[in-house]
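S.K.: Listed below, chain by chain, are the residues.
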Amino acid sequence: MNSTYKKEIWYTLGFSVLLLMCGHSGLIFSAFPGLRDVMILGFPSQYLIPVGMGWIGLMVVVVVQAKLTNQLDDEIEAVNATSTTKGE
Amino acid sequence: MEEQKWVLENPTLGIIFVAASFIIFYFIGWYSARAAKSSTDYWTAGRNIGALANGLGMASSYMSLATFMGVTALILKLKVPFVYMWIQFGLSIPLITLWYGTPLRRMGAFTPAHFVRERYGLSTSYVTVIFMILIMLMYALGQMIGVAKVFEMLFGINYTVALICGGALIVGYVAIGGMYGTSYNAAFQMVLMGVAFIIPLGAIMKAMGGTGWYFPPLLYADMVPAMLEKVPDFFDMKYGFKWYFSLIPCFTIGAMGLPHLGMRIYTSKSLKSARGAMVWFSFFCGIVFSATYTMGFSGVFFQATSGTAIAASDYDKITLILNSVYNAPWVLAFVIAGAIAAGLSTISANLMAIGALISQDIIATIRPNLSDKTMQVIGYSAITGGGIIAILIALNPPTFLVVSILWAFGLAGVTMAPLVIMGVWWKQANRYGASSAALVAGLTYIAVSPYLFPNITIAGGLPAKVGMSGALLCVPLSFLVLTIVSLITNRIPALVARIPHEQDKRLVDSIHGWKEYDDERYNSTSAGIIVAAVSLFFVIWAILPGGWTA
Numbered sequence: 001m002n003s004t005y006k007k008e009i010w011y012t013l014g015f016s017v018l019l020l021m022c023g024h025s026g027l028i029f030s031a032f033p034g035l036r037d038v039m040i041l042g043f044p045s046q047y048l049i050p051v052g053m054g055w056i057g058l059m060v061v062v063v064v065q066a067k068l069t070n071q072l073d074d075e076i077e078a079v080n081a082t083s084t085t086k087g088e
Numbered sequence: 089m090e091e092q093k094w095v096l097e098n099p100t101l102g103i104i105f106v107a108a109s110f111i112i113f114y115f116i117g118w119y120s121a122r123a124a125k126s127s128t129d130y131w132t133a134g135r136n137i138g139a140l141a142n143g144l145g146m147a148s149s150y151m152s153l154a155t156f157m158g159v160t161a162l163i164l165k166l167k168v169p170f171v172y173m174w175i176q177f178g179l180s181i182p183l184i185t186l187w188y189g190t191p192l193r194r195m196g197a198f199t200p201a202h203f204v205r206e207r208y209g210l211s212t213s214y215v216t217v218i219f220m221i222l223i224m225l226m227y228a229l230g231q232m233i234g235v236a237k238v239f240e241m242l243f244g245i246n247y248t249v250a251l252i253c254g255g256a257l258i259v260g261y262v263a264i265g266g267m268y269g270t271s272y273n274a275a276f277q278m279v280l281m282g283v284a285f286i287i288p289l290g291a292i293m294k295a296m297g298g299t300g301w302y303f304p305p306l307l308y309a310d311m312v313p314a315m316l317e318k319v320p321d322f323f324d325m326k327y328g329f330k331w332y333f334s335l336i337p338c339f340t341i342g343a344m345g346l347p348h349l350g351m352r353i354y355t356s357k358s359l360k361s362a363r364g365a366m367v368w369f370s371f372f373c374g375i376v377f378s379a380t381y382t383m384g385f386s387g388v389f390f391q392a393t394s395g396t397a398i399a400a401s402d403y404d405k406i407t408l409i410l411n412s413v414y415n416a417p418w419v420l421a422f423v424i425a426g427a428i429a430a431g432l433s434t435i436s437a438n439l440m441a442i443g444a445l446i447s448q449d450i451i452a453t454i455r456p457n458l459s460d461k462t463m464q465v466i467g468y469s470a471i472t473g474g475g476i477i478a479i480l481i482a483l484n485p486p487t488f489l490v491v492s493i494l495w496a497f498g499l500a501g502v503t504m505a506p507l508v509i510m511g512v513w514w515k516q517a518n519r520y521g522a523s524s525a526a527l528v529a530g531l532t533y534i535a536v537s538p539y540l541f542p543n544i545t546i547a548g549g550l551p552a553k554v555g556m557s558g559a560l561l562c563v564p565l566s567f568l569v570l571t572i573v574s575l576i577t578n579r580i581p582a583l584v585a586r587i588p589h590e591q592d593k594r595l596v597d598s599i600h601g602w603k604e605y606d607d608e609r610y611n612s613t614s615a616g617i618i619v620a621a622v623s624l625f626f627v628i629w630a631i632l633p634g635g636w637t638a
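Protein chains in written order, with the working numbering: chain Z, 1 to 88; chain Y, 89 to 638.
Hint data in this document are derived by calculation from the structure and do not stem from the laboratory.
Remember, predicted model here, so these are calculated numbers, not experimental data.
Do not take every clue at face value.
In the DSS-like style, the derived pairs of lysine-lysine whose C-alpha atoms are separated by at most 30 Å in a straight line are [to be verified]:
| id | chain 1 | residue 1 | chain 2 | residue 2 |
| --- | --- | --- | --- | --- |
| 1 | Y | K360 | Y | K593 |
| 2 | Y | K165 | Z | K6 |
| 3 | Z | K7 | Y | K294 |
| 4 | Y | K237 | Z | K7 |
| 5 | Y | K165 | Y | K294 |
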């Protein structure tokens with residue numbers, strides 16, 4: 001089994017975890033109430049971090065996701081080209 | 089404190105702005121639809137939409153009238169927990185793109201049901217198409233009612249006339265424009281609604297004394313101390329861990345099952361363009377969503393600090409009320425046009441999905457040899473028919489359908505998302521597993537909702553009404569049934585012989601971009617067992633009592 005396939009699986013799982021962390025960071029404050037009500041930039045932590053992660057954090061993750069998954073497509077194409085050449 | 093009922097004092101400017109916006113929508117629809125040369129172009133915009141326009145369109149299709157009305161009303165009622173509920177909606181397109189958007193784009197799908205048909209066969213696809221049409225109708229219905237209410241308020245006409253006129257106008261421009269018109273209109277509507285929401289919000293904040301008025305989405309920390317003094321529980325989390333966790337199966341995975349979002353990815357010029365659109369989507373969605381929280385915050389702040397009590401029935405009009413108090417009448421008129429645009433962009437996407445499901449996933453499968461011209465006529469008719477049904481239901485809507493837009497997300501998460509996700513990523517998923525999962529989990533989700541058997545629910549109150557408790561049980565149940573039934577039936581030769589299992593497996597490799605087939609890829613039995621075990625854990629956890637309240 002080639003490394004490009006494994007990379008595809010790991011990227012999918014890894015980015016899913018990162019995306020879920022961005023969109024559901026409120027869960028951390030639900031699980032650990034001690035982290036709440038710490039004022040960050042004038043907002044309570046349980047508000048600012050989920051709102052910030054849900055936008056800015058998400059933006060960072062999707063930019064990296066787009067870049068790496070585009071590269072992955074190129075790698076799959078390269079594998080396809082190699083196997084076609086071998087076949088010929 | 090006496091509650092005041094809000095009325096729109098001067099509707100003339102609003103009428104002018106809304107009429108002008110409709111003229112633009114019709115022009116864009118007509119002009120861009122000229123590029124459609126075939127029924128495939130009509131449904132997929134020739135797979136030719138660029139990243140920026142598609143990103144705007146994705147955000148616009150997702151942001152409904154709720155952005156202007158429903159969300160702020162619910163922030164006024166539920167405060168911060170509702171903000172948490174909304175934040176995760178930004179994950180939809182990135183997760184769809186990651187898990188199945190680009191493979192289905194590579195396959196040339198019209199709708200996710202198209203993939204289900206190719207992967208699991210006709211009978212499974214009919215089951216999912218029925219669920220999808222129901223979901224899209226519920227979604228469109230809520231928007232149709234909302235737009236009719238704004239028309240009613242604006243024109244001073246009764247609800248029925250407002251609904252029929254507004255509905256006919258909407259159905260007309262969607263049918264004329266097809267996916268080309270819908271895509272470019274959605275892009276324009278996103279710009280319109282973004283500007284109409286955020287810039288007037290800055291003026292509202294400035295008038296309220298906020299120093300961060302120049303960037304409303306994030307800069308209102310200086311208003312927080314006054315808020316905490318007047319409304320000390322505004323930032324309280326209120327609910328238990330299960331409540332927040334159930335947002336994942338209900339709304340995050342639920343959104344992954346919504347056909348009108350996936351369909352936007354299939355219109356992209358290329359896979360790279362689809363991913364570029366995803367980045368733009370995250371930007372536009374994030375900025376408008378964040379501004380929505382600011383508007384909700386400002387609504388609560390306004391009530392708490394000005395001594396004005398807003399009637400509960402007017403909570404959904406808080407955006408309009410704040411604009412009428414702090415901004416000039418023409419600004420309010422512009423905001424109303426933005427709100428209408430928000431509703432329209434979503435209905436358009438819903439109607440396109442209904443039209444594609446009916447014409448491509450039902451009629452084209454029953455009569456595959458129809459000419460392209462006939463299919464185009466069927467396309468127009470399917471969109472118009474879907475619109476007429478939504479209008480007719482909205483004339484006297486059953487309460488269940490009105491309150492259940494969010495519940496529909498869970499239904500999509502239960503009946504659609506597991507089938508597509510496992511179909512794309514696990515070759516051992518087969519037709520028996522997929523049909524059983526959609527039927528067993530879908531019917532269980534309906535049964536445990538408070539609408540059918542009020543005594544059989546997983547949790548009471550809001551989590552049951554919006555489908556959070558049902559989805560916490562039924563989304564993992566769907567994955568569990570799909571994997572277990574597939575694993576068992578794949579070991580019964582008589583059953584395997586009845587389905588084109590090898591062909592289904594080859595489809596998986598091809599949609600991931602592999603030209604040469606390798607049986608080892610996406611074919612791990614251990615992975616299936618792990619998915620089943622994790623799903624079983626969540627099924628048991630969902631049934632266990634408690635965890636919903638703090």
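S.K.: Hints first: check each against the structure and report whether it holds.
M.R.: Going down the list of hints, with the structure as the test:
Proposed proximity of K360/Y and K593/Y is supported: the alpha carbons are some 25 Å apart, at most 30 Å. Between K165/Y and K6/Z the alpha-carbon distance is near 47 Å, which puts this suggested pair outside the 30 Å criterion. With a C-alpha separation of about 50 Å, the suggested pair K7/Z and K294/Y falls outside the 30 Å cut-off, and the hint is violated. Taken as a hint, the K237/Y and K7/Z pair is broken in the structure, with Cα atoms around 51 Å apart against an allowance of 30 Å.
With a CA separation close to 24 Å, the supplied pair K165/Y and K294/Y stays within the 30 Å bound.
Hints 2, 3, 4 from the list above are not met by this structure, while the remaining hints are.
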